[in-house]
Amino acid sequence: MSEGIRDKVVILGMGCTRFGERWDDSPEDLAVEAFTECLEDAQIEKKDLQASWLGSHIDEINIGKGGNFLGLALKLPLIPVTRVENFCASGTESFRGACYGVASGAYDIALAFGIEKLKDTGYGGLPDSPAFGQMQAAIGPNATAPGMFAQLATAYSARYNIPMERVKEAMAHVSWKSHQNGAKNPRAYLRKPIPIEQIMGAPMIAYPLGLFDCCGVCDGAACAIVTTPEIAKKVKPNEDIVKVKALQISVSSGEEALYTDWDGAGMLTTQTASSKAYEEAGIKDPRKEISMMEVHDCFSITELATMEDLRISEPGKGPDDVLDGFYDLDGQIPCQPDGGLKCFGHPIAASGLRMIYEMYSQLLGRWPEDRAVKDPKFGLTHNLGGVPNQNVCSIAILGRE
Amino acid sequence: MVGIRSYGGYVPRCRINRMIIFGSMGWLNPANIMNSQGEKAVANFDEDSVTMATAAAADCVTGFDRGDIGGVYFASTTASYKERLCANLVAGALAVDESTRTADFAGGLKAGTTALLAALDAVGAGNANNIVVSTADCRLGKMGSVQELMFGDGAGSVMVGDKDVIAEFKGSFSTGHDFVDHFRGSEAKYDRQWEERWIRDIGFGQFVPEAINGLCEKCGVAPADFAKIIYPCYYGGARKKINKTLGFEPEKVQDNMQAVIGDCGTAQPLMMLAKALEEAKPGDKLLVVSYGSGCDALYFEVTDNITKLAPRRSITGSLTKRADLDNYLKYLVWRHMVPADTGLRGEEQKWTRWTLQWRTRKTILGMEASRCTKCGTQQFPPQRICVNPECGAIDEMERVVVSDKGGKVFSFTSDMLAASANPPAMYGSVDINGGGRYVFDFTDCAIDDLAVGKAVEFSFRIKYYDAMRDITNYFWKAVPVAEEAE
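In the order they appear, the protein sequences are chains A and B. The opening position of the first sequence corresponds to residue 1 in this note's numbering, with each subsequent residue numbered one higher. The opening position of the second sequence corresponds to residue 1 in this note's numbering, with each subsequent residue numbered one higher.
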């Protein structure tokens, strides 16, 4: 009988760069920036690292394939670097690899790294690539990420018979809230509060998603050093420690893309991974027990649907909670306290670790009062890679002792 | 009895008023005001002769078992490939068995009727049966040219067989003349023509009567015996003269649809024939003449079977499905006549993997799905393991063609970010009738035509064009259709 990951691994230190259009910075610059902070926070030396996992998504304009980038950039002492790629879950996958490496007893201290250098693409949004293989490139639609996620909104509106105007209003609040939060964060990419009217009136990108319904892809890196609770206690005898409570991944089975039972209004993978994560973490009622979240708001509709997939909001009631301010920074469960993908930015494989970084920092009470979540117990992170009908979802739950 | 068993036609949805073209280019050639009446049919940005011929052929085989098709002939002077048999694309899209005779006919504009004659001969000789002949053209004139105004895009198709024919083949007469009124060299994109008075007086004025007289003499009939005379000629004066010379009563001369479609080259005779067959009565004698590098004249007699033919869209149905193309520059961009910036995203490489295209041809061209024999779930593209989570049977699939099944919109969007020559790119999940769901591009529609639950039909289209390698690649798209009354 599997026991899960709960309380077997702790975070010793973390680092996260400022996200954004880092035109003048190379991937090496980003890696060194995140790593320096992380190593200092962990209070260990580079030679103490025994293994590392590296997440990166886009090969062609980023750091290339394999793990060599990290070994070279950080001058790691010939330790394993395992590159993982699983769409937007790549960062959390690298964290999961490092945690499992420690939990297995194979390593005492491991590094999880996520990096993406996207602003060498030459145009906005993600670079066009046959991400789902050559067959899909041959017969799949002429689609982009916003267009694939926009369909969540048309299906959601039809599924719950909620007029598109109401869905749009809720989506606008989702983005408004993230802009409010991001504006307070010195490391966020977009740091400007945007009035609701401007969000609602923005040019259409992919119906019904307007400009402010879409997150900004950008450059960034984030990392974590993980170890056992025993080693952490020795390294940091007088400090609070953040423990890993749950790590779950779920990948689409084709049921959503090819079968006709899926309602199209939420992600089966998120529903599956979060249920397993709650069980792993010992959470019975997520709406009562989760203190805060960083979820995959690649588009406002994704966040809206995710609130229901995570069973925080009732099916069809996400818009009510959103518009009630339930997920605002001063609401019951603050969602995207750091600004989320929307405003902190979305360098694909760095995002999962950036979310964990925010939960970790909040749990340790490191942020100034204006963006601190009060007395958090459990923090949840969520990534959704791919598109709603064909994706990978990762969930991590972190908590204090 | 050998003859035509069925017919079909296709006119693209977009029509451009000729005055819009003249309004942009009349300054270059003011005399073109004479050619600027009416509108012409324009292939959508994702259409070409192969897709239009496929649409006409699919229309033609309405109500017939595609398993009975014994040949597919494609005729066009605007095929997307010089080497790669386009008839195989049409046959693939019809999901015809691969042990079927396929051939492309090209060169002169009479190639459409030459393909028809070849089919009649093959069936007559007992070497093949139920040959689908599909013709299409999408010819280009230079900006400001006469041809730009006169040419239209469209397709016509007939199926030739020896059983239950709706029009019996009674005879033919052909001429071949190296009369270069129009030509395109092997690398040319645009039509070139010689002096119009010569084309009118010698080309149409002599060759069409020559073919008709030749046929009448050969078959022992008189021009007056025919209920409908079908021949292409967009010179109004020349038509009048021909009709007068041969004694044709005006109502017996099939309209060339110049005012609503334009001259469709190789497809023109078969499109006019399809239109004539829509209204033909048993006993009608039909005379079909093509023109271009000579003439083919064919004589048919309509049988009682025409009353039993399943209803079809044909030319008349296609003509009612229309949308104004009110922008001349859009037309130029769609035909790759002027360079347009679709953004850096539009410059990303489109790789066509021929090995993949080969092994999945029945999925890509034929839109074949699989159906689980254990639980009955239909799924597209075909799967080895049943996608029904309650089933999961392995390798228990049978193949089923779904291109003619249609479906319903499950979710949709219109995307301004995707690179397209006709933004916004519209696409969404479609529930295929009978089972299965896939995300398809939508075409021939506006965003307002899309709604969850809206009925769609599938249309074979250009998926993308790879300019670097000159590859036109095809797949099926979804087209919203008017709801049937419940």
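It is possible that part of the hints are untrue.
What the hints assert, rightly or not - Using 30 Å as the maximum straight-line C-alpha spacing, the simulated DSSO-like pairs for lysine-lysine come out as follows:
hint, chain 1, residue 1, chain 2, residue 2
1, B, 170, B, 189
2, A, 119, A, 75
3, B, 82, B, 350
4, A, 317, B, 408
5, B, 350, A, 119
6, A, 46, A, 192
7, A, 65, B, 252
8, A, 192, A, 119
9, B, 252, B, 240
To be verified - Rough simulated footprint, nothing fancy, chain B against chain A, three-plus residues with beta-carbon under 8 Å:
hint, region
10, 129-137
11, 146-154
12, 292-299
Stated by the list, open to error - Quick list of the computed label-pair ranges, beta carbon to beta carbon:
hint, chain 1, residue 1, chain 2, residue 2, range
13, B, 341, A, 21, 56 to 62 Å
14, A, 134, B, 142, 37 to 43 Å
15, B, 446, A, 192, 33 to 39 Å
16, B, 352, A, 332, 31 to 37 Å
17, A, 193, B, 356, 37 to 43 Å
Hints are computed from structural coordinates only; laboratory data are not their basis. Idealized CB from N, CA, C, for every residue including glycine.
Query raised in the report: Of the hints stated earlier, which fail here?
Result: 1, 6, 7, 12, 13, 16, 17
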